[in-house]
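A.B. asks: Given the coordinates of chain A, work out where chain B should sit on it, guided by the hints.
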Amino acid sequence: MGSTTETIKLTVGEITVNRKGTGPQLLLLHGGGGSIADHPVVDKLAEKFEVIAPSHPGFNGTKIPDHFDGMPELVHFYLDVLDALDIDNAVLMGISMGGWLAAELASINCARFSKVILVDAVGVKIGGPTDRDIVDVFGIPPDEANKLMYHDPANARDMSTLSDEALAAVAGNRIALGLYTWEPYMHNPKLPQRLHRVTAPTLFLWGESDGLVTTDYGKAYAALIPGAKFVAIPEAGHSPYAEQTEYFVNEVFAFTD
Amino acid sequence: MRTYWFTEDAYHDLPPQDDYESIRVNLPNSNFDPERGHELYNWYLDMWCMAESYGLDLMNNEHHQTATCMVPAAPLMMSILARETSKARLLLLGNPIANRRNPVRVAEEMAMIDVISKGRLDCGFVRGVPYEAAPANRTAHRGSQRMWEAHDMIMKAWTTHDGPFNFEGRWFQSRQINIWPRPYQQPAPPVWVTMGGRSSTTPVAQHKHVGAVFLAGYPRIREIFDGYREDYLKMHGEHAPFDRLAYLGLVFVGETEAKAREGAEKLLWYMSANKVPGYWSNPPGYHPPHIAAQIMKGARGGSGVPLTATLDDQMARGNVFAGTPDQVYEQIKNFWEYSGGFGNMLMMGQAGFVTHEETETSMKLYAKEVFPRLKELEASTTPAEAWEKSKAMEQRDNVPLDGFALEFVR
Chain A
-2 MGSTTETIKL TVGEITVNRK GTGPQLLLLH GGGGSIADHP VVDKLAEKFE VIAPSHPGFN
58 GTKIPDHFDG MPELVHFYLD VLDALDIDNA VLMGISMGGW LAAELASINC ARFSKVILVD
118 AVGVKIGGPT DRDIVDVFGI PPDEANKLMY HDPANARDMS TLSDEALAAV AGNRIALGLY
178 TWEPYMHNPK LPQRLHRVTA PTLFLWGESD GLVTTDYGKA YAALIPGAKF VAIPEAGHSP
238 YAEQTEYFVN EVFAFTD
Chain B
16 MRTYWFTEDA YHDLPPQDDY ESIRVNLPNS NFDPERGHEL YNWYLDMWCM AESYGLDLMN
76 NEHHQTATCM VPAAPLMMSI LARETSKARL LLLGNPIANR RNPVRVAEEM AMIDVISKGR
136 LDCGFVRGVP YEAAPANRTA HRGSQRMWEA HDMIMKAWTT HDGPFNFEGR WFQSRQINIW
196 PRPYQQPAPP VWVTMGGRSS TTPVAQHKHV GAVFLAGYPR IREIFDGYRE DYLKMHGEHA
256 PFDRLAYLGL VFVGETEAKA REGAEKLLWY MSANKVPGYW SNPPGYHPPH IAAQIMKGAR
316 GGSGVPLTAT LDDQMARGNV FAGTPDQVYE QIKNFWEYSG GFGNMLMMGQ AGFVTHEETE
376 TSMKLYAKEV FPRLKELEAS TTPAEAWEKS KAMEQRDNVP LDGFALEFVR
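Those protein sequences? They're chains A and B, same order as listed. Quick note: the first sequence, position 253, residue 250 per the working numbering, numbers continuous. To convert, take the position in the second sequence, counting from 1, and add 15; that gives the working numbering.
For reference, chain A alone in the conformation it holds in the complex (with noise of 0.2 Å):
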């Protein structure tokens, strides 16, 4: 399926979009990765969406703004974003960081959305204060990150037959990464007391096997959203839209019809 991407000016700053598909708007927020946009899950969307998949700046070879410092400088960038692409009754889904970065805006207003999407969402503090709610990706193993982001840990990216560019592209998300979840880590103590002004009806897919943050971690995170219903992928961990897409993909048109 064809796709176009460009990069858009914005008052601060600049936004690469990719742009696939026909349809009512879906805001693909992706995880701490990089752009999804050439993953099949995408084409399968797009066969009912206009799927909008921005990538955020740090990642996939693009500028940070000199004054970002973390995920409250990317949630105000993507207010600009949503102004920008002319996001309107779109379907707001967000993958792992994307799904806090997602979470934050639904909570800031959510008239932009017909419906919220969170895949294994990071982005709230759920446990007491020594409970590792999300494990420190920055202070494992790449094998054991691997098993535990993956339900079948072969399905990983293997990173030896990489080029030395490809590899310094997957550094580069690696750092953009880094900038947006360092401290705190990987959420905003504020959140959970914001949560209740999302009012898009919601809906967690989590994958059964993920390891970063369980399928407990996700339980709890859509209590604190009214009326949210969670769904628990089978054979998948932390990219359940990779591991099982099919599965994935007919979630969320059940969900969205």
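It should be emphasised that the hints constitute simulated quantities derived from the structure, not laboratory data. There could be a bad hint or two in this list.
[To be verified] Subject to a maximum C-alpha distance of 25 Å in a straight line, what follows is the list of computed PhoX-like cross-link-like pairs (lysine-lysine):
{"#": "1", "chain 1": "A", "residue 1": "K144", "chain 2": "B", "residue 2": "K274"}
{"#": "2", "chain 1": "A", "residue 1": "K144", "chain 2": "B", "residue 2": "K133"}
{"#": "3", "chain 1": "B", "residue 1": "K133", "chain 2": "B", "residue 2": "K171"}
{"#": "4", "chain 1": "B", "residue 1": "K404", "chain 2": "B", "residue 2": "K348"}
{"#": "5", "chain 1": "B", "residue 1": "K133", "chain 2": "B", "residue 2": "K249"}
{"#": "6", "chain 1": "B", "residue 1": "K171", "chain 2": "B", "residue 2": "K274"}
As the structure is a prediction and not an experimental result, all values here were calculated from the model.
C.D. replies: Coordinates of chain B only, in the frame set by chain A:
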């Protein structure tokens, strides 16, 4: 020429290296025996006092959550030395101010040490090594910029004497800053900053601060020192005095070459013990993407594999100076001339299992037989002459950099 004697205060009584994943960040402190720690702290303090007795100046530093360095608060060790010593310069290199929450506190601590020691403080500022990002819970992103803003705030706090000011910067904001005490040295204690590449020399030279380079060796020393000298000349219209540059190397002097090599092999513990997995040495934002990618690949250090460069390799690289007094003088002289000259030798004289007796022997031989000749070497030429002579020498690239240099030279 000054020589600052340095030990990193290791806690070296560790289980076999295969039994743990990392010597830094997540090595459980059940491995730290407080009784042994008590002995070691006092032993290291004694060593510094001994160094003063041989006419050397003193350097200390800090790291966190690591057995390579038992001092997570360099100002505490330095404040003890401020009281225990009376002549030596006290170089704290350095305060990791990119990671400190409150620069005003650093300004206060340093002013106190300066006053207690009657103006003997040399105050270093560093960005901090990559392994510090997790313990400090500070993003490594833009660490250098943050360091310089903290520096500006500290300098302003030291040099403002007419009541409170506010500092509201990009990263640090404080109100009613009015430190008590103010520093003993006026207008401020000498400031030292570590330099890791050509891009880091400019602000150091601009402030006429001392630029210190750790273990860059022959492969990189001229890139960095030349950068500083070029910046300094351009900005101030005169050559940088020798005392504006410093080099840290491992030094072991023995009565015979065999004894010296034996001691130097023990000193290499500092490098070989640095078992650190890639994820601690590569926090996001510390290295640019292409270098971060190389570390991810395990191609350059930080891969969990201990660094095993041999003593000969490390000597060829200019990281280690070891031998009889004559040999060590020749080695440092060669490096000194190649580098274009520097006025401060930072002598890592003890590490790991080097004993008190071995440390003292090496320290004494250095102080009595090497150091005086280095002073003569410096006095025999001028910065301009030494730089010209250096430029005429061919670049020595025959010794590749290792991961250690990557992480420590910054």
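A.B. asks: Decide, hint by hint, whether the structure agrees.
C.D. replies: The hints, checked one at a time:
1. K144(A) / K274(B): violated, 50 Å
2. K144(A) / K133(B): violated, 58 Å
3. K133(B) / K171(B): Status holds; Cα separation ~21 Å.
4. K404(B) / K348(B): holds, 13 Å
5. K133(B) / K249(B): violated, 34 Å
6. K171(B) / K274(B): It is violated: about 49 Å lies between the C-alpha atoms, which goes past 25 Å.
Figure legend: structure checked against the earlier numbered hints; hints not met, in rising order: 1, 2, 5 and 6.
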